[in-house]
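Peer 1: As a plain string of letters, each chain reads:
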Amino acid sequence: MSDPAQPDLSVRVGSLALHNPLFAASGCYGYGLEYADVADRDELGGFVTKSLSLEPWKGNAPPRLAEVSPGLLNSIGLANMGVESFAREVAPQVTGGRAKLIVSVACNVMEEYEQVIVRLEEVPGIDGYELNISCPNVEEGGMAFSRNPAVTEELVARVRKRTRRWISAKLTPNVASIVEGAQAAEAGGADALSLINTIVGMAVDWKTRRPRLATITGGYSGPPIKPVALAKVWEGYNAVNIPIVGIGGIANWKDVVEFLIAGASAVQIGTALYADPALPGKIAADLRRFMEVEGVASLSELTGSLDTGHGVTVGVPA
Amino acid sequence: MKHLEDAVVTRNRQIRPGIWSMWLRAPAVCAESRPGQFVHVRVGRDFHPLLRRPLSIGRVHEDELELVWRIVGRGTELMAEATEGDAVNLLGPLGRPFTIDTDAEGRILIAGGLGLPPLVYLLESFRERWKKASLLLGVRGRDDIPLAEDDPLLREVEVVAERGDGYRRGIVTDPAAEWLTRREHDGGLENVALYACGPWGLVRALQGLIPANRLRRAEVSLEQQMGCASGVCQGCAVEVEDGDTPYRLVCTDGPVFPLHAVHAPALV
Ligand SMILES: Cc1cc2nc3c(=O)[nH]c(=O)nc-3n(C[C@H](O)[C@H](O)[C@H](O)COP(=O)(O)OP(=O)(O)OC[C@H]3O[C@@H](n4cnc5c(N)ncnc54)[C@H](O)[C@@H]3O)c2cc1C
Ligand SMILES: Cc1cc2nc3c(=O)[nH]c(=O)nc-3n(C[C@H](O)[C@H](O)[C@H](O)COP(=O)(O)O)c2cc1C
Ligand code: FES
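In the order they appear, the protein sequences are chains A and B. The numbering used here applies: residue 19 is where the first sequence begins, and numbers increase by one. The numbering used here applies: residue 1051 is where the second sequence begins, and numbers increase by one.
Next comes chain B alone, as it looks inside the complex (with noise of 0.2 Å):
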């Protein structure tokens, strides 16, 4: 069930240029919460911006969840303005989540850049039931990282840089690549469950990197332009493979898609 939710904030802060991470006292919403769903976040008042911005719940700690987002437009910019104490109104939780698969046995978890917050939310979900789960992020920066500097967590993130900046230089492809070889000749693939959060580029390259069928499991999580985010407009359709009709809405069948069932577009 989701809720219309006014909810308060107990911390927003920048954490890297651009980049922001709000609290936000939800009990409604973190009730029911599930990693891979979304909020709807009214960021405007009168309608100004008009629509609501979709947001993927990040780490939820008891009644409170996170969002990280980077500033790309006027609603994320208003979203940075809010400061303690102001109401936020959230619809939510949205959206299928990812399938907590507890027959898997590998567990690996591939983030692009700001697709970070929800595989986050799902590494936390995996530490109360299984120790070993792999995050592995790729970004072009240090500065791209969608988490503090002084953020625990940070330590449990494979981080690969396209600029290298202290970490492994590279893309996230190359030690995911690594990581299902090793897996390959220790155990197999056919009990792994991969996870991933990311641009179109991303989701490419994991397409190419994984033949259909090999792994367990394999699932994206995928962006579009939303309106209502609860299956009324019919706009926040994709191209995925999977039953009669060649579309799916991001905000009701998904935002988590089987990886190999997406076809993503060509134009990107």
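The following block holds chain A by itself, in its conformation from the complex (with noise of 0.2 Å):
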């Protein structure tokens, strides 16, 4: 297992016990199996699946991704194989690595959710479930869910009746403040939250005056969108009681290092994969490297470690 000589980057988020803080983020892995050529899938702490729905969806009309260098526009609209295919003909071929598996449940109605969740239950070497109530990409439920608390409550609580599987719910940032969505998810007994899914966004052709997404507007990833994940780990944060996992324009190491410190217990990756299916393992091993540089003995206590005694002062040239 883990080599005495090495950094150990192992933390928990909650009950889930993982290898390293590093999952990659759901829509950005497919089902777990799509990179298998090219990267090791157990360099993953985890990985959250694309999010999938009772039935197969089809997905929103192309064009569905427009590049807002360097960040991403997206409206997906969740196309996934829906929960049978995965149940059947992936999950074995996806569970019992040292990644965890997490599946991701994206309904339209809250009935759906439990359906899926009651299916996967039947399913051995799930180690949990996300439950995507924040995509802005479709037209019934997503994000409607998570902007409303006492819906999110309801989802979280029902969901929670049917499994003693990890739940974590994730959230948008499409509100004005996460902090009743956070607690609603909590009191619903979700395990952890997953902070944040896309924010609203659009891109214009200005030559031919069209939106380059067919939705018009889509959600926005990548690097840009860092700034704003990083204040709504730390808002949440600061409102429960339950582990929070950081998504947001993750790239490198340092990012991870800043979403520890600003609260969150584990990581997601997601945009960036595109650019790079291989970059988990570099940024463990970087990670491992900053640790011995630091002198940190466990990554879990850079969690919520935000030094706000004093801002940090640059100097400006006069």
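Treat the hints as calculated values from the structure; they're not laboratory data. No residue lacks a Cβ here, since even glycine has one placed at the ideal position from N, Cα and C. Among these hints, one or two may not hold up.
Calculated Cβ distances over 12 Å to all of chain B for the following chain A residues [to be verified]:
(1) Leu-51
(2) Glu-52
(3) Leu-72
(4) Pro-88
(5) Leu-90
(6) Met-128
(7) Pro-142
(8) Asn-166
(9) Arg-230
(10) Thr-235
With beta-carbon atoms standing in for the labels, derived distance ranges [said to hold, decoys possible]:
(11) B/Glu-1212 / A/Gly-115: 50 to 60 Å
(12) A/Val-136 / B/His-1313: 29 to 39 Å
(13) B/Asn-1263 / A/Ala-168: 37 to 47 Å
Which stretches of chain B does chain A cover? Using the computed rule of at least three CB atoms under 8 Å from a CB of chain A, they are [said to hold, decoys possible]:
(14) 1100-1113
(15) 1215-1223
(16) 1269-1278
(17) 1284-1292
(18) 1295-1308
With the hints in hand, could you dock these two chains into one complex?
Peer 2: Here it is, written out as structure tokens:
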């Protein structure tokens, strides 16, 4: 298992023990098989599947992507294979590794979340669920769930009754404050919060005067959203007692450390994986070096260690 | 199987104004690549530009492959800055290749502009087995031909230019229609395989020119904005009438699709 000479990257997110704090984010790692040729899944502490619904979804009309570099706008519309195909065909191939398997679930109505979970409970080797109640790209449900704290609490509570596995609620940043939603998910019985999903955004082609996405608006991700994500993690960290998984713009080890300091217990890497599917292994190696150089014994000691005693002042040239 | 490979630039030069050709030593990608496939090229450092750029695999000679592109933005501009000896990270080979149809008796390849590179690759692979395949290229003018003036391959391509420029004046569907008519009288169309790559306008024109199911095979290679190029993000969907869903992914179901199954978008 872990080499005693190497710093230990393991962390806990509530009841979930990870050999390192790096998850692949939902929608950015497929179902765990697509990158198998080029990246070792077990270099991840865990991975979150593409969000699954009760039936397969075909997704939105194209174009679904617009690069607004160094960020990305998407309006995929949760195109996915549906829970049955995953349970039968994919799950047996992606369970049992070092990387924890977290299955993301997204549905239009509450009953379907329960139905999907009930089906997944029959599948051995799943380590937990992430409830995507924050997708900005679907007409029904999606981020509307997470914008309404009462709905968030009821949904989490209903799923809680169906499973003893780890549950994280993935919340939208597209609200004035995430505090109420975070507390509602905690009250409903979530083991953790995943913060954040994409930020509503839009791109316009000035020449043609057309939107660059067929759905006009979409979800913004990638390095530019990191400051927003850090703020939400910090807000969440101060509002609840359950651990937080930080997501948004992570592309290197410093980003990871910053998220931990702001209150995350683990993180997810999303869009950056498209550019480099082998990134998690590199970040893990860099984190080991960081721990050695900085004398950090355990990554969990960083969580919430933000020093708010004084701001860091940068000298401004006269 | 796809690879993440640090390829080494062996040559990079401008072959026409704004059009570049790069040769890269990429043994792993070359060993498995087929005509019609593409690579996803890491153009930036530190995620700026954020995404890789998809480019068709052009000629493959032993462990080197050629990429040919027009500079249209930051990513393609950065690629033009690479010099001999630089490493360029490739993800590939990706996508479904053209179908090499051993039973076809006539082969026509139709390119529009920068759609040429994958068809040049296909032509070269045909040449190993069959003497004759026709490659037609439509461009606006001489400066848009994605082959260098001194490239011996240029002699094997029938160029049609909207501006003439010393070539036949017109659009590429003109000689394509003539070829098909000749063929119809001489052997029939049932054994013909057609392969195309070019802008949506060409796709639509070819769909109009050739009634569905007349040819043995008609395939077209498409483009779409990509994220992962690996079937992960579901971002590169196009409308293709083929089976149970209205959408197909260019990166894994394509980029090559049956010509008549493709729905060209209304606004292009
Ligand atoms: C399978 C495939 C094969 C291709 N082969 C070639 C080729 O051989 N030669 C060639 O010149 N071009 C080819 N293209 C198009 C090429 O990918 C784009 O020209 C290139 O991505 C532009 O990047 P940029 O940063 O210079 O332009 P920008 O316009 O600044 O790019 C912005 C974003 O849009 C994307 N984009 C822009 N144009 C296209 C396009 N036509 N298709 C897909 N994405 C696009 C870029 O990747 C980037 O994410 C191919 C595209 C695909 C999908
Ligand atoms: C193309 C794309 C598809 C996504 N699909 C999902 C999804 O199915 N479910 C989900 O919860 N989040 C999805 N996300 C959001 C990511 O998981 C992540 O929350 C977000 O992109 C921010 O992280 P990043 O900046 O590292 O990408 C998707 C993101 C992208 C870019
Ligand atoms: S580019 Fe991601 S699925 Fe095709």
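Peer 1: If you test the structure against every hint from before, which numbers come out violated?
Peer 2: The structure conflicts with hints 1, 2, 4, 5, 9, 13 and 15, although it agrees with all the remaining ones.
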